[in-house]
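Asker: The chain contents come next:
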Amino acid sequence: MKSFIRQFAKDKFAIISSMILLIMYLGIFLANFIAPYPKDYSNRKLSYAPPSNIYFITPDGKLSRPYTYNYIRKFDKNSLRTYFIQDRSQKYHLTIFPRGFEYKFLGIIKTDRHLFGVQNGGELFLLGCDINGRDNFSRLLYGGQVSLTIGFLALFISFPIGLIYGGIAGYLGGKIDMLMMRFAEAVMSIPSFYLLIILAAVLPSGMTSSQRFLLITVILALIGWAGFSRVVRGMVLSIKTQDFVRAARSIGASRARIILKHILPQTSSYVIIAITLSVPSYILAESGLSFLGLGIQQPDASWGNMLKEAQEFANIMYRPWLLTPGFLIFVAVLSFNLIGDTIRDILDPKSEIK
Amino acid sequence: MPIWNYILKRILQGIPIIIIVSFISFFLIRLSPVDPLAELRLNPSITKQTLEAEKIRLGLDKPIIIQYFIWGKNFIRGNMGTTVSGESVSLKIKERAFNTILLSLSVIFWTWIIGIPLGIIAALNYRSTFDRILTVMSSAGMAIPSFFFAILLLIFAQKTGWFPIGGLTCPNFSNFSTWHKILDIIHHLFLPTFVLTTISLAGLSRQMRSNLLDVLDSDYVKFAKAKGLSPYKVIVKHALRNAINPLVTLLGFEFAALLSGAALTEYVFQYPGLGRLILEAVMKSDINLVMASLVIGSFMLILGNIIADILLKLTDPRVRL
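Line order of the protein sequences matches chains X and U.
Start counting at 1 in the first sequence, then tack on 221, and there's your number in our numbering.
Start counting at 1 in the second sequence, then tack on 31, and there's your number in our numbering.
Simulated from the structure, these hints should not be mistaken for lab results.
Beta carbons are placed, not taken as given, at the ideal position from N, Cα and C, and that holds for glycine.
Take these hints with a grain of salt, some might be off.
[What the hints assert, rightly or not] Taking lysine-lysine pairs in the DSS-like style, the calculated list, with each CA pair at most 25 Å apart, reads:
#1 Lys529(X) - Lys256(U)
#2 Lys268(U) - Lys256(U)
#3 Lys40(U) - Lys396(X)
#4 Lys315(U) - Lys529(X)
#5 Lys396(X) - Lys461(X)
#6 Lys79(U) - Lys40(U)
#7 Lys283(X) - Lys396(X)
#8 Lys529(X) - Lys461(X)
#9 Lys264(U) - Lys253(U)
[Claimed, not checked] Beyond 10 Å from chain X on every Cβ pair, some chain U residues (computed):
#10 Leu39
#11 Ile51
#12 Phe100
#13 Gly103
#14 Phe221
#15 Val252
#16 Ala257
#17 Leu271
#18 Ile341
#19 Arg349
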C-alpha cells in the first residue's frame with residue numbers, strides 16, 4: 222500500500238487530477254453552502270442574463286472592495302432582441318458568509334450562512350443565467366451532485382452483478398457456463414447506447430425526481446455488467462485450477478463460499494482498474510442521456526440536461542456561459558482517465574515497464 | 032479450406048446470439064407500458080384497415096410468446112411493419128443503416144490512417160516529448176463528450192461557413208453530376224467523421240504504441256538488429272507487421288463503439304443514420320421501428336465482430352480459434 226501511494230505521488234498528472242476531482246467533489250458535497258441561490262430559485266426577468274462583472278477599481282480609479290452592478294433587461298424594437306445593461310446607480314459589494322436561504326449544513330446543522338454573496342438587493346451571477354433566469358453557477362453545483370455520483374452508484378450495482386455472474390459461470394463451467402456466456406454476449410451485442418435510450422424511454426412519466434434518478438442509475442448499471450463479467454469469468458477459469466481452490470474444495474467448502482471467499486478476491490486488482498476506468502464512461506452516458514432529455518429531467522439539474530440548452534444556435538453564439546457544464550464533464554472525465562491510467566500502470570505489473 | 036470452415040463456424044455461433052438479442056429486445060419493449068398501436072390510432076392518415084392489418088400482423092390478440100414468433104417470422108421475411116407515419120420500416124432501416132455504415136467506415140479509415148503512424152512515432156520516440164504530448168492529447172480526446180465536441184464544431188461551421196450543417200446531402204443533390212455527388216457527401220461527412228475520429232483515435236494510437244513497444248522488446252527483433260539489418264528494415268519488415276496484427280481484433284470493438292457512440296453525434300449533426308433513427312423512433316414511441324433498428328443494430332455489430340475475427344485469421348496464421 223505504501224509503495225502504491227509513493228508511486229502514485231510520483232505521477233504529476235495523477236496528482237493534479239486527484240486535486241481537481243477533490244475540489245469538484247468538495248464543491249458538490251458543500252453545494253448548499255457554496256451556492257448563492259437555492260435549487261428552486263428562478264427570476265423570469267433575468268432570463269439569459271450574462272455573468273455579473275465584478276469590479277475592484279471604482280470609476281475614479283481607486284482600489285475598492287469587490288462590487289458588482291445589477292442587470293436591467295432592455296428590448297430593442299428595431300432588432301427585436303433583448304439585451305442587458307448594468308444599473309450603474311447602485312453598487313453592491315460582495316460579502317463573505319452572508320445570510321441567505323436556509324439549509325442544513327452537512328445535512329445536520331440548520332443554518333443560513335453561505336460562502337459568499339452580495340449585499341441585500343444585489344444579484345450575483347458568476348456564470349450568468351439560463352432561460353428561466355436560474356443562476357448557472359448554483360445549478361452547476363447541484364447538477365454535479367447528480368452527474369458525479371450517478372456513475373459510482375451504477376458501479377455499485379453493475380460490478381457485483383458482473384463479479385457474481387462471471388464467478389458462477391467460470392467456476393461451474395460446462396453447459397451452465399456456455400448458456401450464461403451466450404446470454405452475456407447477446408447483451409454485449411446490443412449497441413449499448415441504443416439499449417440505454419430505449420430503457421430510459423420506456424420509464425413511466427409520472428415519477429418523482431428521486432425515483433427517476435434511481436431508475437436511471439439502474440439502467441446505466443444494466444449496460445456495463447456483461448463485458449465485465451466475461452473478463453471475470455476468464456480469470457476465474459484460470460484461478461479455479463490453482464491449489465488453494467482445490468484445498469478449499471477438499472475440506473468441504475461450499476461452492477458459494479469458494480467463489481465468494483477464495484476466487485473473487487483474487488480478481489481484485491483487475492476490478493480496481495476496471496472501476497476507475499469505467500466511472501468516466503458512466504458519467505458520459507448519463508450526460509448523453511440527459512442531453513437528449515431522457516435522463517434527469519427539469520427542473521432538476523444535471524450537467525447533461527444543462528447542456529441541452531446548447532442545442533440552440535442562438536445560445537452557443539451569444540451565451541457561451543451555457544457551455545460550462547460541457548467543460549466540467551470534460552475535466553472530470555479526463556481526470557478520472559488519467560488517474561485510472563496511473564493506477565493501472567502501478568497495479569498491472571506488465572504495463573509497469575512501459 | 033479451413034478458412035471456410037472457420038467462417039461457417041463463426042456464423043453459426045452468431046445465430047443463437049442474434050436470437051437471444053431479438054428475444055431481449057422484443058420482451059423489453061412489449062412488456063413496457065406502451066401501447067404498440069397508440070400512435071397509429073392517433074394518426075388520422077392511417078386507415079382502419081391498416082390498423083387492423085397491423086393488429087393481425089403483430090398478433091396482438093394472441094399470447095405474448097406467440098406474438099414473438101409471429102414477429103420473428105415476419106422479421107425474417109423482411110416484413111417489419113410500418114412506422115407511425117405509415118412508411119415501410121424495412122426501407123427506412125436499409126437507408127439509415129447504410130448511412131451509419133458509411134460513417135463508421137469513414138471513421139475507421141481515418142482512425143487507422145492517422146492513429147497507426149502516431150502510435151509508431153510515439154513508440155519509436157518512447158518517452159520523448161512527442162510521446163508525452165501524444166499521451167496527454169489522446170487522454171483529452173477520449174474525455175470529450177462527443178455531443179459537446181459536435182456542438183463546438185457546429186459553432187465553427189456556422190461561423191466560417193466552410194462546412195454544411197446537418198444532413199448527408201445538399202437539398203438539390205439529385206441534380207448534381209456523379210462526381211459532384213461524391214464530393215457533396217464527403218463534404219457532409221467531414222464534421223461527424225472528425226468528431227468520432229478524434230474520440231476513437233486515442234485508443235488505437237495507444238494500442239499501436241504499446242504493441243510496437245512489446246514487439247521491439249522481443250528476441251527476434253533484437254536478433255534482426257544484431258544481425259546488422261538497417262533499423263528501417265527491422266521496423267518495417269519485422270516489427271510493424273507483428274504489432275499491427277492484434278489491432279485487427281480491435282476493429283470489431285471499434286465498430287461496436289462506433290455504432291453506439293455515433294448516435295449522439297448523428298443527433299447533433301442531424302445525420303440520417305441508424306442512431307438518430309432509433310432516437311426519433313424512441314421519442315415518438317414507434318414500436319416497430321425501435322424493435323427493428325435494435326435488432327438490425329445488434330446484427331451489424333455481430334457481423335462486424337465476425338468480419339474482424341476472419342480478418343485476424345487471414346492475417347495471422349498463428350491464431351487458433
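Asker: Would you mind marking each hint as holding or not holding in the structure?
Answerer: Cross-check of the supplied hints:
no.	hint	in the structure
1	Lys529(X) - Lys256(U)	violated (57 Å)
2	Lys268(U) - Lys256(U)	holds (12 Å)
3	Lys40(U) - Lys396(X)	holds (19 Å)
4	Lys315(U) - Lys529(X)	holds (19 Å)
5	Lys396(X) - Lys461(X)	holds (17 Å)
6	Lys79(U) - Lys40(U)	violated (47 Å)
7	Lys283(X) - Lys396(X)	violated (82 Å)
8	Lys529(X) - Lys461(X)	violated (49 Å)
9	Lys264(U) - Lys253(U)	holds (13 Å)
10	Leu39	holds (18 Å)
11	Ile51	violated (4 Å)
12	Phe100	holds (18 Å)
13	Gly103	holds (15 Å)
14	Phe221	holds (19 Å)
15	Val252	holds (16 Å)
16	Ala257	holds (21 Å)
17	Leu271	holds (18 Å)
18	Ile341	holds (17 Å)
19	Arg349	holds (20 Å)
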